[in-house]
Amino acid sequence: MAASAPASGLPQAMIETATPAGAWVVVLPVVLALLGAAVLLMLRHRRGLPLPAALLVLAAIVACEIALLIEVIAVGPVSMTMGNWLPPFGISLTVDVFGAAFALAAAVVTLLVLLYAEIDRSEADEGDAFHALVLLLLAGVTGAFLTGDLFNLYVWFEVTLIASFGLLVQGARPVQLDAAVKYGFLNFLATTLFLLALGLLHGLLGTLNMADIMRVAPAADMAAMGGIAALLLLAFGMKAAAFPLNAWLPAAYHTPPAAVSALFAGLLTKVGAYALLRTLAAVLPGSRDLLEPALVTVAIGTLLLAPLGAIAETNLRRASGFLVIGGIGTILAGLALPGREAVAGAGFYIFHAILTMTALYLVVGLVEKRTGATDSRQMGGLYAASAPLSMLFFLLILATAGVPPFLGFWPKLLLLEAGLGAGVTAAEVSWAAIGLVLALLANAVLTLIAGTRLWAHVFWRSGPEGEASEHEARALVPLARRGRLAFGASAVLALAILAAGLWPNPLMEGALTAAADLVDPARYVAAVGLAGGAP
Amino acid sequence: MDFVLAALVGLFIATGVYLLLSRSVIRMLIGMTVFGNGVNLLIFTAGRVTQELAPIVPPGLEAPAGPIANPLPQALILTAIVIGFSMFSFLLVLAFRAYQSLDADNTDTMRLAEPERSPQPPLSY
Numbered sequence: 001m002a003a004s005a006p007a008s009g010l011p012q013a014m015i016e017t018a019t020p021a022g023a024w025v026v027v028l029p030v031v032l033a034l035l036g037a038a039v040l041l042m043l044r045h046r047r048g049l050p051l052p053a054a055l056l057v058l059a060a061i062v063a064c065e066i067a068l069l070i071e072v073i074a075v076g077p078v079s080m081t082m083g084n085w086l087p088p089f090g091i092s093l094t095v096d097v098f099g100a101a102f103a104l105a106a107a108v109v110t111l112l113v114l115l116y117a118e119i120d121r122s123e124a125d126e127g128d129a130f131h132a133l134v135l136l137l138l139a140g141v142t143g144a145f146l147t148g149d150l151f152n153l154y155v156w157f158e159v160t161l162i163a164s165f166g167l168l169v170q171g172a173r174p175v176q177l178d179a180a181v182k183y184g185f186l187n188f189l190a191t192t193l194f195l196l197a198l199g200l201l202h203g204l205l206g207t208l209n210m211a212d213i214m215r216v217a218p219a220a221d222m223a224a225m226g227g228i229a230a231l232l233l234l235a236f237g238m239k240a241a242a243f244p245l246n247a248w249l250p251a252a253y254h255t256p257p258a259a260v261s262a263l264f265a266g267l268l269t270k271v272g273a274y275a276l277l278r279t280l281a282a283v284l285p286g287s288r289d290l291l292e293p294a295l296v297t298v299a300i301g302t303l304l305l306a307p308l309g310a311i312a313e314t315n316l317r318r319a320s321g322f323l324v325i326g327g328i329g330t331i332l333a334g335l336a337l338p339g340r341e342a343v344a345g346a347g348f349y350i351f352h353a354i355l356t357m358t359a360l361y362l363v364v365g366l367v368e369k370r371t372g373a374t375d376s377r378q379m380g381g382l383y384a385a386s387a388p389l390s391m392l393f394f395l396l397i398l399a400t401a402g403v404p405p406f407l408g409f410w411p412k413l414l415l416l417e418a419g420l421g422a423g424v425t426a427a428e429v430s431w432a433a434i435g436l437v438l439a440l441l442a443n444a445v446l447t448l449i450a451g452t453r454l455w456a457h458v459f460w461r462s463g464p465e466g467e468a469s470e471h472e473a474r475a476l477v478p479l480a481r482r483g484r485l486a487f488g489a490s491a492v493l494a495l496a497i498l499a500a501g502l503w504p505n506p507l508m509e510g511a512l513t514a515a516a517d518l519v520d521p522a523r524y525v526a527a528v529g530l531a532g533g534a535p
Numbered sequence: 001m002d003f004v005l006a007a008l009v010g011l012f013i014a015t016g017v018y019l020l021l022s023r024s025v026i027r028m029l030i031g032m033t034v035f036g037n038g039v040n041l042l043i044f045t046a047g048r049v050t051q052e053l054a055p056i057v058p059p060g061l062e063a064p065a066g067p068i069a070n071p072l073p074q075a076l077i078l079t080a081i082v083i084g085f086s087m088f089s090f091l092l093v094l095a096f097r098a099y100q101s102l103d104a105d106n107t108d109t110m111r112l113a114e115p116e117r118s119p120q121p122p123l124s125y
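First to last, the sequence lines map onto chains A and B.
Under our numbering, the residue at position 421 of the first sequence is numbered 421, and the numbers go up by one with no gaps.
Under our numbering, the residue at position 74 of the second sequence is numbered 74, and the numbers go up by one with no gaps.
By construction, these hints were calculated from the structure, which means they are not laboratory data.
Mixed in with the good hints there might be a few duds.
[To be verified] With a cut-off of at most 20 Å between alpha-carbon atoms, the simulated SDA-like pairs for lysine to any residue come out as follows:
(1) K369/A x N505/A
(2) K369/A x G488/A
(3) K182/A x T107/B
(4) K369/A x R173/A
(5) K182/A x L8/B
(6) K182/A x L29/B
[What the hints assert, rightly or not] Beta-carbon label-pair distances, calculated as ranges:
(7) A224/A x I56/B: 28 to 36 Å
(8) Q74/B x V39/A: 51 to 59 Å
(9) L49/A x Q74/B: 12 to 20 Å
(10) V57/B x A247/A: 50 to 58 Å
(11) G286/A x Q74/B: 51 to 59 Å
(12) G372/A x S24/B: 32 to 40 Å
(13) S124/B x G227/A: 19 to 27 Å
(14) L5/B x P52/A: 18 to 26 Å
(15) G227/A x Q51/B: 41 to 49 Å
(16) R46/A x S24/B: 55 to 63 Å
(17) L438/A x Q74/B: 48 to 56 Å
(18) E116/B x I449/A: 34 to 42 Å
(19) D128/A x L61/B: 33 to 41 Å
On a predicted model such as this, the values are computed, not experimentally measured, just so you know.
The beta-carbon is built from N, C-alpha and C at its ideal position, and this holds for glycine as well.
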């Protein structure tokens with residue numbers, strides 16, 4: 001980047017050296033996903049070709065992201081700026097450990113979901129753009145995880161949104177159209193609100209590069225920045241389905257095929273939660289402190305109401321939707337608590353939620369396939385028919401509730417430590433932190449109640465509601481060859497979650513390192529190449 | 001000039017929110033468009049409205065001679081207009097399809113995904 005200074009004595013504005021080949025891993029995952037989507041759109045009428053092609057592209061993306069993650073862990077945040085302009089003029093993609101880890105998790109679950117999706121696809125579905133839309137969705141999600149520019153983040157949100165519209169209405173059953181109207185309007189409104197906040201931020205600071213905002217934001221007017229941060233909280237809270245803006249999620253996520261729901265549950269709300277974490281904890285930490293009471297309220301509300309909704313719900317996938325919202329509450333609790341451990345817990349929980357929520361929806365889809373019903377009142381006796389399925393479901397419920405030693409426990413442990421540290425052992429007792437700790441514990445218990453009740457109804461009792469208990473278990477739909485593939489994909493993901501829960505140390509340490517970079521952005525700003533560092 | 005534009009932004013957004021609060025899907029769509037245009041106007045206004053020169057560096061110079069207009073809001077708005085228009089078109093077609101298959105353009109009567117009288121949760125266990 002160090003070229004000779006221009007004759008006018010102005011600061012350097014252009015990058016004049018070529019980017020080294022190794023640095024391309026920063027942008028390759030997004031480029032591959034977008035190119036793959038375009039190519040698959042052209043190939044969609046070739047029979048049998050789209051799936052292998054999509055798997056190939058995804059394998060390449062996973063390989064790139066593993067390389068990226070290794071590099072980020074070794075050298076800290078890396079950045080690449082587009083179009084030869086130096087930051088803050090060019091759009092930067094800046095990746096730290098969190099971004100790279102989430103992008104990798106997203107690509108891995110997408111790979112498994114594509115294998116799983118074959119269960120719902122038949123000859124009649126040949127020629128629809130399913131695989132292209134999935135790759136487009138992944139491009140949007142990956143872009144949002146990797147970007148270092150707020151306007152670019154807005155664009156990735158819209159890419160994700162339009163791809164998810166396409167996936168949600170594919171098949172065009174009336175119930176899907178109904179869900180898409182609600183999902184579509186509320187999510188479009190949320191991204192427009194995000195744009196509104198961006199317009200104000202640009203007017204105030206004159207920059208939208210995250211690292212540049214970190215440098216100049218502390219000098220800006222506190223009140224105006226607080227208003228912008230509140231708008232961002234509203235917009236991303238809506239995207240993440242945080243209480244009280246959560247109504248669209250259980251109304252929409254149960255209508256598309258199981259594979260699509262699983263993808264949505266794993267990726268979409270997590271992007272909103274990640275954007276909250278990135279903007280409030282890293283980019284505008286001053287405004288986060290200002291908004292702390294609001295964050296605490298939203299987090300406690302989400303933590304308590306989501307599992308209650310899951311207990312009250314009889315539709316299996318709608319109940320799972322409420323469990324997704326409960327996970328968002330946990331992430332918000334990490335944002336509402338001060339300190340590095342809290343941020344680490346929130347980030348770790350996002351990673352856990354991407355994997356676990358996808359797996360939960362995949363298993364729920366298999367349950368629906370085998371019983372031929374969507375309502376837990378019409379299910380029962382599945383344990384006798386398929387013990388492995390029941391064990392997978394139970395494992396994922398325990399992981400979601402955060403029972404040790406499963407994966408969900410470790411981020412919650414970090415959050416509880418942070419909460420107790422801020423609430424009890426600190427010099428001044430903080431009631432907000434104590435409330436959050438109690439809400440986290442209550443959420444775990446309620447989630448466990450909701451999940452085990454579902455398990456008892458679907459698997460443990462001998463038959464559907466009203467049937468005498470001594471009856472033979474009803475004949476269940478057997479899984480065909482594609483069904484076994486789907487079961488294999490779910491089992492692989494569930495076993496990965498189990499293994500990560502049993503050996504959490506690398507993830508724990510990774511989350512703490514990543515949180516250190518988020519709380520103290522000096523390395524992040526330096527990676528973008530902006531001098532001065534953060535104050 | 002800035003104050004007039006700012007007031008206009010407020011008017012646009014208020015109208016948009018009012019229309020979005022309606023139950024009719026078509027009104028909500030119009031509200032969404034008005035809201036989106038209000039936001040575009042806001043970006044334009046927040047980029048400072050001036051009567052400076054176009055941001056073009058004259059030939060032979062390294063930097064523009066005098067003050068120039070801010071070119072970035074135009075780029076941001078252009079992106080936002082394109083995205084907003086594509087979303088609007090999608091939602092318009094979606095509203096039409098929903099009207100055809102659900103026979104409803106009132107969101108209160110769209111209850112397929114969320115049944116109106118949802119059953120009591122089972123009391124066993």
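Find the hints from earlier in the document that the structure breaks and name them by number, from lowest to highest.
-> Of the numbered hints given earlier, those the structure breaks are 1, 5, 8, 9, 11, 13, 14, 15, 16, 18 and 19, listed in rising order.
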